[in-house]
Amino acid sequence: MRCKDTRELIGAYIDGELDLARSLDIEGHLLECSICSRESDNQRSLHRAIKSAELYFEAPPALEKRIRTGLGLSIRSEAKRWSLSWRWPIAGASVAATVAILLFAALMLNRRQNGDLLAQDVVSSHMRSLIPGHTIDVLSTDQHTVKPWFNGRLDFSPPVKDLTGIGFNLTGGRLDYVDSRPVAVVVYTRRLHTINLYIWPSNTDANAGDAATARQGYNLIHWTKEGMIFWAVSDLNTSELHDFVKAQRE
Amino acid sequence: MRSLEQDKLASFERAVLPHLGAAYNLARWLTRNEHDAEDVAQEAYMRAFKFFGGFRGGDSRSWLLTIVRNTCYTWMNQNRSRDLTTVLDEEIHTVESEGLDPEALLLEKVNSDVLKRALDELSMEFREAVVLRELEEMSYKEIAEISGVPLGTVMSRLARGRKQLQQVLTGGKGKRARASNFSRP
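Heads up: the protein sequence lines correspond to chains A and B, in order. Its first residue numbered 1, the first sequence is counted upward by one per residue in our numbering. Its first residue numbered 1001, the second sequence is counted upward by one per residue in our numbering.
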């Protein structure tokens, strides 16, 4: 066996994937050729290095619970799916909205590779929403009050829809900052759940179909339409949140 | 008496759920992000259950990882298409990397972070092959099935991926390896 052939097959040889005939050939060649023999040692060293580096990522335990629940299988531990171990005693829109922002911010942090600038924005936004009375800037269930309120405060006009007919109640709106820019937030409720709908203009004009994700018990759905980016965040279940999104997108 | 659906669920739980670790690990290496990996793994499992009726036995881990891999690529296409562009392969194919001392690979001293970064920087196809081989210890045949490519392609991707790793670990990117100039036997 010649060096060229050997070098092509050396990986497979070390992996034990070569047929016997060629394995024997290579074995013989390695005894005679110091170059190929060194290459063989290099490959084995690399293999050992990878093994010793412990590069296997363990699945987080919460993942199994999510998957089991999604399939309808019993969860082996006692923890309930949507239970938050840090449920705050104060119920209400402000708490849920704060958490929604924080998790939305965490989501944005994870999606962006350079976190520093965004982190600062997010922290500012978060701290602002913690100030009592700052969850909702304009308190009104009337779309004809909420939408114009954004004029003069933002350089774009977000669509504000009345979805009372299908059980999503407009609560009000506020300004916020995400991704270094001011954004509109239109706040809805369904039963005890708050839905924050973040809206801001897109850089591109591309429409994008809705993409859903979830973070630690909160559901997020985002889409782009007619030059506006939308993010709906809530602890409402995905099915109803999708109804909300569908109605928004009409 | 249990319904067919319950039987299917029980069967799925026995055969496929135990490979969650492998599913997550592969998704984590391909998407390079733990939250994305969780989402992909979850979606892959939902799809797997949907297709479970067509699973005729055999290696359930391979079967599941085929779905995971496919779900990763689809997901990346939809969400992070710019990450799919292939990193230029810097290897020079016919070249001898002469003078590479195995000790230079510093196996016990290799920083885990350095290796992780090096693996992260491989193109997705090379990374996939290396992860399935080195971390999941799958055979070339299994890797070929999961990746949906011929055996020869698996061998090639592995060889090139490993070569790139070696170059990174020995600081070989700066080094120019000499063209072979010795006579071949």
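Bear in mind the hints are in silico, worked out from the structure with no lab data behind them. Model, not experiment: these values are computed from the prediction. Even glycine gets a Cβ: it sits at the ideal position worked out from N, Cα and C. Among the hints, a few may not be true.
Claimed, not checked - Derived, one-sided and incomplete: chain A residues facing chain B with beta-carbon distance under 8 Å:
| hint | residue |
| --- | --- |
| 1 | Phe57 |
| 2 | Ala59 |
| 3 | Arg66 |
Stated by the list, open to error - With a cut-off of at most 20 Å between alpha-carbon atoms, the simulated SDA-like pairs for lysine to any residue come out as follows:
| hint | chain 1 | residue 1 | chain 2 | residue 2 |
| --- | --- | --- | --- | --- |
| 4 | A | Lys51 | B | Leu1135 |
| 5 | A | Lys51 | B | Leu1115 |
| 6 | B | Lys1050 | A | Thr69 |
| 7 | B | Lys1008 | A | Leu71 |
| 8 | A | Lys225 | B | Asn1079 |
| 9 | A | Lys51 | B | Asp1113 |
Checking against the hints above, which ones are violated? none
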